[in-house]
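Undergrad: Residues per chain are reported as follows:
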Amino acid sequence: MTVGTTSVLVWLLPLAAAVVCTRLRSAALAHGFAAVVLAVATALAATMAFAVVGGTPVVGPHLTWLDLGSFTLGVGTYVDGMAAVMAVIVCALATGVLVFNAWYMHDDPQAARFPWQFCLFASAMLGVVLSDNLFLSFCCWELVGLGSYLLIGFWFDKPAAADDPAYQARKGAAARGVLEAQLSPAHAQLKAFVMNRVGDAGFLCGIGALLALSLQLGARGDVLSFANLAALPVADLAKASFLGCSGHALLVLAALGIFCGAVGKSAQFPLHTWLPDAMQGPTTASSIIHAATMVAAGVYLVARCYPLFPPEALAVVGWTGGFTCLLAATIACVQWDLKAVLAYSTVSQLGLMFVGLGAGSAAGGKDAAIAHLFTHAFSKCLLFLCAGAVIHACAGHQDLARLGGLRKRMPVVAYVSLAALLALLGMPLFSGFVSKDAILQVALANAQAAGGLAWGPFVLACSGSLLTAAYMLRWWLRIFGGEERDHDVTHHAHDPATSAKAVLLLLAPMTLALPRTIGHWLPLPHGDAHTPAMVTALALLAVGGGFAVWVFGLAEHSGRDVAAGLAKAAAPVHAACGELWGIDRLWNRLFARGLGCGVAAVVARCDLGSDDRLAGLEDPARSRSLSPSVDGLVDGLAAGCAQVGSSGASLHRGRLGVYLAVGVGVVAVLLLWCGGGF
Amino acid sequence: MGPLTACIVAPLALAAATSVAPPRAARWLALLGALLTLLVGGMAIADFAARPGADFRFVDSTPWSTAFGASFTFGVDGIGAAMLCLSGLITAIATIAAWQQDKWPRVYHALVLVLLAAMNGVFTSLDLLLFYVSWEMVLLPMLPLVGVFGGEQRRYAAMKFFVYTLAGSVLMLAMLIALWNATPREGRSVVVPHHVVAAHADASHGTLHGLPIDLGHDGPKQVHVPRGFDLRHLALQAEHWQGANFLGVTLAAFGFFAVLLACLVKIPAIPLHTWLPHAHVQAPTAVSVLLAGVLLKLGVYGLYRIGVPLFPQAAAAWAPALGGLGLAGILWGAWAALGQRDLKRLVAYSSVSHMGFCLLGLFSGTVAGATGGMVQAFTHGLSSGLLFLLVGVVYDRAHHRRVDGFGGLARPMPQFAWILLLGAMAGAGLPALAGFPGEFLVLGGAFTATGSFPWLGALATLSVVLSAAYLLWTLLRVAYGPLRHPEQAAFPDLDGRERLAAWPLAVLLVVVGLWPGPLVDALRPACELVVQTLQGGRP
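As they're listed, the protein sequences go chains A and B.
So the first sequence is numbered by this note's numbering: it starts at 1 and just counts up by one.
So the second sequence is numbered by this note's numbering: it starts at 1 and just counts up by one.
Rather than coming from a laboratory, the hints here were simulated on the basis of the structure.
Mixed in with the good hints there might be a few duds.
Going by beta-carbon spacing under 7 Å, a handful of chain B positions derived as facing chain A [stated by the list, open to error]:
no.: 1; residue: Q153
no.: 2; residue: P271
no.: 3; residue: Q340
no.: 4; residue: A410
no.: 5; residue: V465
no.: 6; residue: L472
Chain A is faced by these chain B residues, among others (derived, beta-carbon under 7 Å) [as the list claims (entries may be wrong)]:
no.: 7; residue: W180
no.: 8; residue: L338
no.: 9; residue: A468
no.: 10; residue: L476
Fair warning: this is a prediction, and the values are worked out from it, not measured in the lab.
Idealized CB from N, CA, C, for every residue including glycine.
With the hints as extra help, turn the sequences into a complete structure.
TA: Quick look at the structure:
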């Protein structure tokens, strides 16, 4: 079987599994079937990876979907090292998560719905990974959005947090800064989809720019394929124009449009607020969607379109990533919900990847970002699975203030999550060490080369990394370290069932920087900045991690609450972080309530008028009243016509005087008019 | 009698037959008429998909008035075939939706059959007089269908719809007469543009649209056009309409304005759209399905068939403004939909928004845009038809349509909720569902067009945000979350009849979304010709 055929199978097998699973009523059967199919897909993807990594990319089958004469839209696959390894990761993690989920949802009556939604999502994600053109990428990109919409809203009938007594009883300090009235799976899925669409509107404009550009430069056929886009005659750019931009500016516009889509999918500032809300979904779904794959699709897309990104656009990418990295890290430091910490950590890590991308290809930015994408996928997936195990073991409790000492009750989860955590922090010997180091290295190299503003992303990334070490260790120490805090919450806890434990133990080695694990499958950037970047990374880890160990480990062990003291000392900053810097509330006010519902109410009112008017439409007394609205104007016009008609009618009521006066008047006018003629 | 004539005659005959049929049999007659139309339309579209071409097929002519040069001439190109197909499909679905019509079933189904005949007449007429008569005949059954069978304010809504659309199209009659007057008694010789010869000339018979033409030489091809109402002949004389005067403006400008007004009211484009929410809210479910599914497309079709081909210069001159009007409709409709509290009114405004894409696409003057506009017209018929059906489903159970009067219906009515999700996602233009290809092609057309169109396209992308917001927010309020009204826990899920109406549309939404190739192949040559004509009209 050729690599091309394999790639199509890897893409479509999960889709077929999704279709079959919709018909399976038994949850166990559906999970089993889907897991087997995904395992087969993993094996196929692995053969693909062995064939192309380090070798030449393979162009798979390509079909014309629509033929519009001057251009076509196609469906096809393209497999290079990046795509193949990504496909392996997606399939492998999907298989693992599905097996884990069979245990996680064993007592959920709706569990049979999970496998098909999950497979649909996996297939869409594989489509993004393996697509050979921007159009197909966009389609699958949107379907990934559908998959996440379904999975976030898995428990769609759960009430909003504000109306949920169970949530209120156990939330503790966990829900500071969130809008409880809008915190439910149903709201979260809507928010995620709509905010992704905001980015997609920009993505569409980017596609439009590339389409217009290609056609103006004389390209024909499947103009949106990556091969054709890369081969655009950039020298002729000045001849093309789009939205008032031409030449180089046009390329920047197109790149920023595509980046817009990535900002939405990868939850970067200012569109990052959907991801923490999306934690309303099942934790197993979060483990793959909001950690390892979907949110990583943005990074992947930018990497796929990397040749199209001019330096100006890359600077925007780097700054956005750096800013988001630090912003999310500050918020993660003060969260009490154990999933919220992971969510903000994801946002922060994605920001770090964009810092890497922003460094440009000269520094090796793409390699660094993709390497971090891969290592982060495993560590974050494991962290979410462990979080799921903890939540399951503690009957839904997610409050870091009430968990504690769980390493004794659930040792496997504790030490697997510690391994994943150390990988995320970039501890030597763990995979994250290699990739985080690479990101800092390319950012530093870019800063040294470009100087000035280019130092921004590097500094922001370093600050973010420093905080990452602190808040992730706080997370682990709060859950697993120390002594039991709340006996009621934790006394039932135990390690998950064998199958789930097996998943954790099988994935755990992937967090190590062993010679044959994922971290070494990609070419990593090399350069002079390597040593200073490594020293910086280790220093940040030592300072941030050491601080956390002191505050949440040693000091707390000796009975001193340093954290509370610190919070009091830096009260304004602490409060701002706790309130998510006010961004969620501001966006809600500005966009959801203002630009959305506010404008909508005004438009609706201007269109049909008030409710009062609508209620009285058949009432002759009221419908005549001119209402200040488009529809009211129409009625006013009709009423005017009726008025003219009835005035005309009043001339015909048989009053002789009127007839006489009109007759005389008309004769007089005629005489005068004709007289003028004479 | 050819198949297209049968599509008009058979529904009328069936309508007459309902008066003698037993009341319970009337619905079967309506279904029969609809399925016959669907069969013919499907056949035609399959023919165009297999052998793409911009020519008129299944042409079938019966003399009417030789004095006026009018005849019963029917024929379809790809656009007409797609619309005929849609008309049959949606009427069949609407008939199934009104299967339990218990108030005067014979009258009701007879009216639907007359409506079907009129709609088919519009989509297949190749004679302007016949087109105009069919166009106005659509209103006659619609008046009682809304005004007698409708909701509480049905008389207001029906009168508004009737007078509004009649006033919109009355100028078209003036245009008809003016065109006839502007043609000499003996007809005239015209030079036929090259692309028209390429698309329509019949080399084996040496004819063009039934007129003898000398194809043997390389020079400009001439043809002698008789006085009359044949649309194809009128289109050949576009240069003369541009040269002739009428009431102080060129005849082309007047004619285009007349067609435009009639079509903009039907589409409906803002600010001529306010009859739509009233008509939809008051109409019974099945009539809403017909209204959104087919009647709105009459306006789009009129522009493709008459507005642009007969008056290309005027159309080209107005194109940027009309593209802007399309955009305004897209955004205004979307925001208005977001602000509605009545489910039917919400879907009605979503129609205003979606139909704006048809205008934007056609007047972008690109093949992608014009084809996309027509694809959008077709697929909007499927998705809005489905959404209206589903609103009808909850209305039948709750007897109200207030968005805030529902909540958590996905628990008692899972199948309803899944299909609603499908319809909402299709409306929001999700790839792999039918709403996507049209929208994407229109945007692609606008982006690659000249002048201000790329800007209009860029602004139109906002609709992907807004449509997701108003449709999925509605889904959230109606179907998700905990059950808000305890009595709704007992609502039964879709019954057999409702499933029979909803499932075909749902399946088609997926099929057309995944594989729009045949539809686009059938539409493209005809749309290409429209675009060439429009571009030929540019100064």
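Undergrad: All hints, please: hold or fail.
TA: The hints, checked one at a time:
This hint holds: Q153 of chain B has a C-beta 5 Å from the nearest C-beta of chain A, less than the 7 Å allowed. For the restraint placing P271 of chain B at the interface with chain A, the shortest Cβ-Cβ distance is roughly 5 Å, inside the 7 Å limit, so the hint holds. A least Cβ separation of about 6 Å between Q340 of chain B and chain A falls short of the 7 Å threshold, and the interface hint therefore holds. Of the supplied interface hints, the one on A410 of chain B holds, with its beta-carbon coming within about 6 Å of a beta-carbon of chain A, less than 7 Å.
The closest approach between the C-beta of V465 of chain B and any C-beta of chain A is roughly 5 Å, which is under the 7 Å cut-off, so the hint is satisfied. Of the supplied interface hints, the one on L472 of chain B holds, with its beta-carbon coming within about 5 Å of a beta-carbon of chain A, less than 7 Å. For W180 of chain B, the interface hint is violated, since its Cβ never comes within 7 Å of a Cβ in chain A; the closest pair sits about 29 Å apart. Interface restraint check: L338 of chain B against chain A, minimum CB-CB distance 4 Å, threshold 7 Å, status holds.
Hint status for A468 of chain B: holds, given a least beta-carbon distance of 5 Å to chain A, under 7 Å. For L476 of chain B, the shortest C-beta to C-beta distance to chain A is roughly 5 Å, which falls under 7 Å, so the interface hint holds.
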